[in-house]
Amino acid sequence: MLKVEDFNVSHGYIHALKNVSMRVKEREILAVLGANGAGKSTLLGAIAGLYRPAGGKITYKDEVITGQSSEEIVRKGISLIPENREIFGTLSVRENLMLGAFHRYRRDKGHLLQDLKEVLEVFPALKGREGDPAGSLSGGLQQMLAIGRGLMANPRLLLLDEPSIGLAPLVVREIMNILVQLKKTGVSIVLVEQNTKSALKVADSVIVLERGRIAHAGNSSEDIADASIREAYLGKACP
Amino acid sequence: MRIKKYSGLLIALLLLAIPLIAQSNYVYGLFIVVGLYTIIVQGLGILMGYAGQVSFGHAAFFGLGGYTAAILTTRFSWSPLPALLAAVFLPAVIAAVIGRQTLKLRELYLALATLGFGILVSIVFAEGGELTGGPSGISGIPHFQIGSLSFDSDGSFFLLIWLLVVMLMIGIKNLIHSRTGRALCAIRESEYAAENAGIDCSRLKLQAFIFSALLAGMAGGLYAFYVSFISPSPFSFHASVQFVLMAVIGGLGTFWGPLIGAMVVVLLSEVLKEVIPLIIPNAGGEYQIIIYGMILVILMIYQPQGLSSLRNRISLRGLK
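Keeping their order, the protein sequence lines are chains A and B. Position 191 (the first sequence) corresponds to 191 in the numbering used here; numbering is contiguous. To convert a position in the second sequence, counted from 1, into the numbering used here, add 239.
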């Protein structure tokens, strides 16, 4: 579904991504792990069209999307849920969700209300809060809203940047369960996480980034079983 | 609840009734200036309050509108209506050209770029030779008229300006509750997230900038027809700061904010002119400036969201 080949991104003098290659299959959750500054968020931003590449190619559903604007990429069915949620705090929950479908107004106007209903079915905790300012929600609900806003774009590929950050373990578990449900509906997911334990539980495959390079790529259940990989990249605390 | 919903409208109508009752040219004049500034600040409110972009150069667009109308009517004998349309069009075109570059800048850098533009334009007005009349300006600008309908009295001009203000406010009410209005709010809240949501932020910010320049140009054109003489001084950096002040004091991102901000800033200085000599006899103009400044500082400390949010505070207190 998504193929990244020899991809390079520079932030000024910093070479953030170095010859990164990876693939995401249909209905797959790919976990991207690594320490702070490893290039995980840059990788997601580059796929979403937020950073211009210094080299390499991204192909999505057999179409080269390298260098396209984020607006065009959202239209193609790739949606990024940024780190720290980045919800629109003064707007209502409903307005936030509808903004996720901004590019679909003309094309799909008739389906938006139905989609809104379906998103609220995925996140029942948001039901009844549609008129509330998004900034008044708890961290967990804000994360759900951010994912819901991404889903309103009707994506086939969801890019999630650290969805568990600052959330209670129970809420993290709930969100991870929702990701598994989304995968079943046909959405592929690239999940950037520092919470390796939670990410590996739901991921089908994993890549580990280290200083902008892919240090390891493999099947997540094998990685959990392999003690040397666990110790080298994922931390001893990992199950 | 219904009273709260319509309280803004009721207060605005009551205030607008003052000049109609007073029937004084001085009062008409004050309210015409408030109306013209409201038009500018409405545009600036969209740019600053909704799109989250700061401009310290809107006096330049105001001046470009004024000078376009003045030059076309006095030097090229255009009739007022097409000259006004040109006064609206030219600042919009210039905003489109400079906005494409300056809107890539953020926060302080954008403020500095627009400030530089404002200063540059005011120099052009002052040094423009025969075309702009230099520091002496242009006189003999005709009254505004549409066909045989002439707005040559203060009363008729007052009605024209406030008809435009009301129409503009209805349009802005629709805009801020539309998909575009919500997208502008999204840019203000987080440009990064707005881009991720598929919003073309650059295009929308540019459109907001052009819209605000267009309104400033329209106000400038109407101002020229009203005062029938223009010079560079009303379009200086000081005026740009005053427009930003009106937007902030009224309340950024609020519907009534621009109107309240323009009214408070214009009327406050006039009220102080009358009141201060009564309290401090033989007081000079500097007392007015000091007290005016102090009132604005106090307003910003105790009401940082702007005066239009006072309504919510009062009604919340009433509920307690």
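It is worth saying that the hints were derived from the structure and are not from the lab. Treat each hint with caution, since some may be false.
List time: in silico BS3-like cross-link candidates among lysine-lysine, alpha-carbon distance up to 27 Å [said to hold, decoys possible]:
no. : chain 1 : residue 1 : chain 2 : residue 2
1   : B       : Lys-412   : A       : Lys-109
2   : A       : Lys-61    : A       : Lys-197
3   : A       : Lys-76    : B       : Lys-343
4   : A       : Lys-18    : A       : Lys-61
These stretches of chain B come out as covered by chain A in the derived footprint (C-beta under 8 Å, 3 or more residues) [stated by the list, open to error]:
no. : segment
5   : 422-429
6   : 508-520
Pairwise CB distance ranges (calculated) [unchecked claim]:
no. : chain 1 : residue 1 : chain 2 : residue 2 : range
7   : B       : Leu-248   : A       : His-11    : 49 to 55 Å
8   : A       : His-11    : B       : Arg-339   : 56 to 62 Å
9   : A       : Pro-133   : B       : Phe-476   : 34 to 40 Å
10  : B       : Val-536   : A       : Gly-135   : 56 to 62 Å
11  : A       : Lys-61    : B       : Leu-255   : 54 to 60 Å
12  : A       : Asp-108   : B       : Gly-410   : 44 to 50 Å
13  : B       : Ile-540   : A       : Lys-76    : 48 to 54 Å
14  : B       : Leu-506   : A       : His-15    : 55 to 61 Å
15  : B       : Gly-386   : A       : Pro-133   : 45 to 51 Å
16  : B       : Leu-248   : A       : Gly-135   : 25 to 31 Å
17  : A       : Gly-67    : B       : Gly-368   : 46 to 52 Å
18  : A       : Gly-135   : B       : Ala-256   : 56 to 62 Å
19  : B       : Leu-517   : A       : Glu-130   : 51 to 57 Å
Just so you know, even glycine gets a beta-carbon here, dropped at the ideal spot from N, CA and C.
Hints, verified against the model:
1. B/Lys-412 x A/Lys-109: Holds - the C-alpha atoms of A/Lys-109 and B/Lys-412 are around 22 Å apart, at most 27 Å.
2. A/Lys-61 x A/Lys-197: Violated, at about 30 Å.
3. A/Lys-76 x B/Lys-343: Between A/Lys-76 and B/Lys-343 the Cα gap is close to 25 Å, so the pair holds against 27 Å.
4. A/Lys-18 x A/Lys-61: 23 Å, holds
5. 422-429: Result for this restraint: holds, n = 5.
6. 508-520: This one is violated; 0 residues, fewer than the three required, reach chain A with a Cβ under 8 Å.
7. B/Leu-248 x A/His-11: 49 to 55 Å: 51 Å Cβ-Cβ, so the 49 to 55 Å window holds.
8. A/His-11 x B/Arg-339: 56 to 62 Å: For B/Arg-339 against A/His-11, whose Cβ atoms are near 24 Å apart, the range 56 to 62 Å is violated.
9. A/Pro-133 x B/Phe-476: 34 to 40 Å: 37 Å, holds
10. B/Val-536 x A/Gly-135: 56 to 62 Å: At roughly 28 Å between Cβ atoms, A/Gly-135 and B/Val-536 fall outside 56 to 62 Å, so the hint is violated.
11. A/Lys-61 x B/Leu-255: 54 to 60 Å: 59 Å, holds
12. A/Asp-108 x B/Gly-410: 44 to 50 Å: Because 27 Å falls outside the window, the suggested range is violated.
13. B/Ile-540 x A/Lys-76: 48 to 54 Å: 49 Å, holds
14. B/Leu-506 x A/His-15: 55 to 61 Å: 59 Å, holds
15. B/Gly-386 x A/Pro-133: 45 to 51 Å: The hinted range 45 to 51 Å holds for B/Gly-386 and A/Pro-133, with Cβ atoms some 49 Å apart.
16. B/Leu-248 x A/Gly-135: 25 to 31 Å: Holds, since B/Leu-248 and A/Gly-135 (Cβ atoms, about 28 Å apart) stay within the stated range.
17. A/Gly-67 x B/Gly-368: 46 to 52 Å: For B/Gly-368 against A/Gly-67, whose Cβ atoms are near 48 Å apart, the range 46 to 52 Å holds.
18. A/Gly-135 x B/Ala-256: 56 to 62 Å: 39 Å, violated
19. B/Leu-517 x A/Glu-130: 51 to 57 Å: 54 Å Cβ-Cβ, so the 51 to 57 Å window holds.
Going down the numbered hints, you'll see the structure goes against 2, 6, 8, 10, 12, 18, while the others check out.
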